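Put the two chains together into one complex, using the hints given.
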Amino acid sequence: MSTEPILKVTDLKQHFKINRKFTVKAVDGVSFEVYPGQTYGLVGESGSGKSTTGRSIIRLYKPTSGSIVFNGEEISGKMSAKKIKLLRTKMQMIFQDPMACLNPRMKVMDIIAEGLDIHHLYSTKEEREQKVYDILNLVGLSKEHASRYPHQFSGGQRQRIGIARALIMDPDLIIADEAISALDVSIQAQVVNLMKHIQKEYGSAILFIAHDLSMVKYISDYIGVLHLGHLVETGTTEEIFTNPIHPYTKSLLSAIPSPNPVVEKQRTSLSYDYATSGLDYEAGTQHKISDTHYVLATDEDLKKFLAE
Amino acid sequence: MENRERILKIRDLHISFKTDNGKVNAIRGVDFDLYKGETIAIVGESGSGKSVTTKAIMGILASNGVIEKGSIDYVWYDENTGERQERDIVKMKKDEIQKIIRGRKIAMVFQDPMTSLNPTMTIGKQIMEPMIYHYHKSKEEAYAKAVELLELVGITDAEKRMGNYPHQLSGGMRQRVVIAIALSCDPYVLICDEPTTALDVTIQAKILELIKEIQRKKDLSVIYITHDLGVVAKVADYVNVMYAGKIVETGTINEIFYDPRHPYTWGLLSAMPDLDTDDEELYTIPGAPPNLAHEIVGDAFAPRNQFALNIDLRIDPPMFDVPGSETHKCASWLMHEKAPKVEMPKSLKRRIEKMKKEAGL
Numbered sequence: 001m002s003t004e005p006i007l008k009v010t011d012l013k014q015h016f017k018i019n020r021k022f023t024v025k026a027v028d029g030v031s032f033e034v035y036p037g038q039t040y041g042l043v044g045e046s047g048s049g050k051s052t053t054g055r056s057i058i059r060l061y062k063p064t065s066g067s068i069v070f071n072g073e074e075i076s077g078k079m080s081a082k083k084i085k086l087l088r089t090k091m092q093m094i095f096q097d098p099m100a101c102l103n104p105r106m107k108v109m110d111i112i113a114e115g116l117d118i119h120h121l122y123s124t125k126e127e128r129e130q131k132v133y134d135i136l137n138l139v140g141l142s143k144e145h146a147s148r149y150p151h152q153f154s155g156g157q158r159q160r161i162g163i164a165r166a167l168i169m170d171p172d173l174i175i176a177d178e179a180i181s182a183l184d185v186s187i188q189a190q191v192v193n194l195m196k197h198i199q200k201e202y203g204s205a206i207l208f209i210a211h212d213l214s215m216v217k218y219i220s221d222y223i224g225v226l227h228l229g230h231l232v233e234t235g236t237t238e239e240i241f242t243n244p245i246h247p248y249t250k251s252l253l254s255a256i257p258s259p260n261p262v263v264e265k266q267r268t269s270l271s272y273d274y275a276t277s278g279l280d281y282e283a284g285t286q287h288k289i290s291d292t293h294y295v296l297a298t299d300e301d302l303k304k305f306l307a308e
Numbered sequence: 309m310e311n312r313e314r315i316l317k318i319r320d321l322h323i324s325f326k327t328d329n330g331k332v333n334a335i336r337g338v339d340f341d342l343y344k345g346e347t348i349a350i351v352g353e354s355g356s357g358k359s360v361t362t363k364a365i366m367g368i369l370a371s372n373g374v375i376e377k378g379s380i381d382y383v384w385y386d387e388n389t390g391e392r393q394e395r396d397i398v399k400m401k402k403d404e405i406q407k408i409i410r411g412r413k414i415a416m417v418f419q420d421p422m423t424s425l426n427p428t429m430t431i432g433k434q435i436m437e438p439m440i441y442h443y444h445k446s447k448e449e450a451y452a453k454a455v456e457l458l459e460l461v462g463i464t465d466a467e468k469r470m471g472n473y474p475h476q477l478s479g480g481m482r483q484r485v486v487i488a489i490a491l492s493c494d495p496y497v498l499i500c501d502e503p504t505t506a507l508d509v510t511i512q513a514k515i516l517e518l519i520k521e522i523q524r525k526k527d528l529s530v531i532y533i534t535h536d537l538g539v540v541a542k543v544a545d546y547v548n549v550m551y552a553g554k555i556v557e558t559g560t561i562n563e564i565f566y567d568p569r570h571p572y573t574w575g576l577l578s579a580m581p582d583l584d585t586d587d588e589e590l591y592t593i594p595g596a597p598p599n600l601a602h603e604i605v606g607d608a609f610a611p612r613n614q615f616a617l618n619i620d621l622r623i624d625p626p627m628f629d630v631p632g633s634e635t636h637k638c639a640s641w642l643m644h645e646k647a648p649k650v651e652m653p654k655s656l657k658r659r660i661e662k663m664k665k666e667a668g669l
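Going down the list, the protein sequences come from chains A and B.
Heads up: the first sequence begins at 1 in our numbering, then just goes up one per residue.
Heads up: the second sequence begins at 309 in our numbering, then just goes up one per residue.
Just chain B, same shape as in the assembly (with noise of 0.2 Å):
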């Protein structure tokens, strides 16, 4: 692990939007890094924030949407000369974004294949589409390079279906032609935006293992943005959980899910039902996120957390590094070596101590 390197940082990143209520901070101050050929998960409700971190990297935030402050710095080489460059996307203009970095470097694959295809044109042409644009390369060479590609998403008859419109493809098809147009022009990053959400069971397992597929092949980064811990627990390596525009406890996916320390984390493992549950009830996290539009003083979670200590309701808390870890992080007064001592729910311990089990730790 010790030359991993680093394709994406992100420092105290600010996004605000203006609304007709006034200004809502959608993202308080997110940090986290992206190192080449791994898989992070950005989990949480909706609302917390996920999408709109996603979509400052791609640089594509609504009109209304402003960053305050932060950076996200990218590193890449250049194709020609191999030199290695960073820029920090923030303070980079509108159209150098979609020119260099857009497409080429940072690709995005959405929650639903319907909306996201065009209707009237040919998946061949829209998978073309991308490299003639960026990498202006003739129709011959781009209508190969997309055969390629559709065979490499497991689409048979690749080129007969070159000719299909999506109304004539499944919904595991037409995501694997999303996932052919995002890998058309060879990014290193992959932005997965809930990808298997609109999909079935059945379907959604063999997507994620193409995409992991695809991501060992390709040497890719890929960040997952989803609410779905099953697949959060398939696919990633490093998970963060945000809550009301704050990541509040980062780490391992082994630390998230075996040894979990922020209430919410413990709300949301909790929450989810896996085969073997029977209790009477399913634990749910009591109340609603808050509103944005309004300041936050203290934890924003508090006001949701049995667990909240006077502190809470005051002073919003630092990222506490776990004991024992260098990559365990958690936003949470519990944390603190003054702090009461408090014990996950039992239900949960007695969850993750079947599941360590199984798992042989």
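Next comes chain A alone, as it looks inside the complex (with noise of 0.2 Å):
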């Protein structure tokens, strides 16, 4: 990879003290990287540290240690002005539930041009009306569309002024946080065709966060799975794909259901339960497969996973 990645996370832990004896490790030591204008796919259960992992990247969180480093600048510590202002416009995040994540009592309009507001990014009120009217046409919507409000919209039309607020910053990376798990199947496929073309004409990066494993396949160049805090494997799309090496992923795998009736019916999901699988993630490190492919094992267990 002859490029620098825009987004390089490292050893990154994020642990919550709930009282003096019990602290909850929400991310316990995950690396991986992020390229420009490529998608990097993070998929998992439910508590597996998904969301964390990407709230925390964008600094809704204090990461408890590790180290963050986007566009050349660590933003794990404390950060400067100057830092914070680069976070605040260059990253940009979409949120999971469209109408949650909208306020209500605003018009279209002013949630887009929110951003620009606070960092003073036009100079005349035709130039900010512009730009809205720019992205809402970008996203599919309309000028017209600018002067209602969020519950006049549906809820594909409402993810895609989400994605209009994230997109008016021209973030070089965007932390997609199960944009699309709320929203209808063929819907579902209008927003990810749009993000794909977003990302082609911007060259901007996604960490698309999901569970649903065949849009993550479908959108992404690199998958991370994460359980229980840890990331388990990593590697291109067709890696995890073709080649899946932990039995997590084989498992998470194996659970996809296929649009195919006859051979859907006979098919049963392999399970994967942590506690009685004998595996302790604490004791494993990354092993390498191949340049990209890595999968979280101690020495003894990896020989396992390959003999199977």
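Please keep in mind that the hints were generated in silico from the structure rather than gathered at the bench.
Keep in mind that this is a model prediction, so the values were computed, not measured.
A few of these clues could be false.
List time: in silico EDC-like cross-link candidates among lysine to aspartate or glutamate, alpha-carbon distance up to 16 Å [what the hints assert, rightly or not]:
1) A:Lys265 - B:Glu589
2) B:Lys344 - B:Glu313
3) A:Lys200 - B:Glu589
4) A:Lys25 - A:Glu282
5) A:Lys265 - B:Glu521
6) A:Lys196 - B:Glu589
7) A:Lys8 - A:Asp110
8) B:Lys363 - B:Glu376
9) B:Lys317 - B:Asp339
10) A:Lys265 - B:Glu517
11) B:Lys514 - A:Asp273
Label pairs and their calculated CB-CB ranges [what the hints assert, rightly or not]:
12) B:Ser478 - A:Asn19: 14 to 22 Å
13) B:Glu666 - A:Gly203: 53 to 61 Å
14) B:Gln614 - A:Asn243: 36 to 44 Å
15) B:Asn618 - A:Gly140: 25 to 33 Å
16) A:Gly203 - B:Lys664: 37 to 45 Å
17) A:Glu129 - B:Tyr441: 43 to 51 Å
18) A:Gly140 - B:Gly632: 36 to 44 Å
19) B:Thr464 - A:Asp134: 41 to 49 Å
20) A:Ser123 - B:Thr505: 45 to 53 Å
21) A:Met99 - B:His475: 17 to 25 Å
Far from chain B, some chain A residues (derived; all Cβ distances over 12 Å) [unchecked claim]:
22) Lys8
23) Leu60
24) Lys78
Note that the Cβ used here is the ideal one computed from N, Cα and C, for glycine as well.
This is the structure:
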């Protein structure tokens, strides 16, 4: 890979102290890289720490330890005003629930332009309006929509507003946290097409967090599989789907429903239970399978995985 | 298949809602049958009327909803006398439905297990409640049965779990508890409204397998409402595709998935990426569902249908029988003998060919 990664996460830990005796280790030593113009998919079951990872990267939380390098700047520690500005403009987030993430008392125009207002990114009122109209056009809405309120839109349209709000800042990295999970199948397709199109046009990188593996496969160049706060396997989409090594990855892949009734009715999913699997994520280290493919395991476990 | 016993018969159901913006015709003539021990799935976009249909079956329509016409006939055998009874739910009074039908005969599993459980009651109490209410069971009896049900739905340490509150359980466990509550009064029909949408894929597979296993054990009939075609493929025997308050295509699961006829079904099947999709762009159905507050002239799907004929804009198509099948029906003028021959999109055809090969058909 010749280019520098836009985002480099190294050994990120995010612990939440519940009380004196009990700490939740939501993310426990996760490392990965995202390159410009590419999509990195983070998958895992609920509680695996995928959303927490996304939120730590955009600094909604203060990471416990580890480093996050974005655009060549270290952003995991204390941040200067300059760094905060960089982070708040060049990294944007799209949220899961398109109704809950839009202020119901603001017009679409003001919702989308809020980032511009805060960072003073226009000189005249006309310029502000023009920018909003352009972005609305890009996400497939029209000028007239700018004067409406969020409740006047359908779910798919609201998600487009969420995307427009992120895009107007011209971000280098978009974090999409379950951005399509709450939508209908046909609307999911629309939103995914839109995100792909935007990526081509703007060259922004996307960190795509989801649990729907068929969509993740379709949109991602690289995939990381998270379980219990550990990155158990990472690689190109091809590697993860054709040559999964870790038993958790295998169980995830086996659970994807296929729209083929005869095949689907005979299929049983592999079950995987950390408690009875005899694995210890804490003791494992990242093992290299190929240049891009890594698996978290101890030496013995890896031999067992490969033998299967 | 000869002696299939029909337990639910819905004919020409029309439901409308009175709103500030006028009358919304949410259901515009729905027919279907449910037979004992079988599973049907209702698929469609949000707003197509899937949930409203099942709510009508349960007798829990919102207060501004009116059943304009049609019938929902329900057949059951009396617990004591074993006598066969047939009643039209539409004509029954609300408290009568509550007493005889809801819970006892038909139970429902909702989408979000966090909002359908009471956070201030232990799960044990919540499972016992319907049995005490409907069958006047003693606490001890109800307790014993509740433990049994928890074991049935695959919760380990059932006795210990009885004292837990919903927030102490994971999402998958909570959904298992909801299923246990639904099963507590031995219903014949289980309605599952998007039972796994709020859950992960791994847990989703387990819950679906669980429902299937219980269905086999108890000879239940199940109605699934979902927009996930993967789920449909896994569980359903028959599929009804709904659009704008009408069923536009119905048939066995294999007929719908391997030989879809309605352009809307083509769209739904194409929009779902399978694991081999590498097209540059996913197929999307253009436009949005129609606003049912306005009168719909002709086929409701026509404005979004690239294959729409002139007649689609004027007259609503009736249900046509697909030649060579007793179960497969499709409401599209394309099925008319004088209609031009229209083939499904090429990419979908390729995919179906491949699916058939995998399935060995």
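**OP:** Could you tell me which of the hints above the structure violates, numbers in ascending order?
**Re:** Hints 1, 7, 13, 17, 19 not satisfied by this model.
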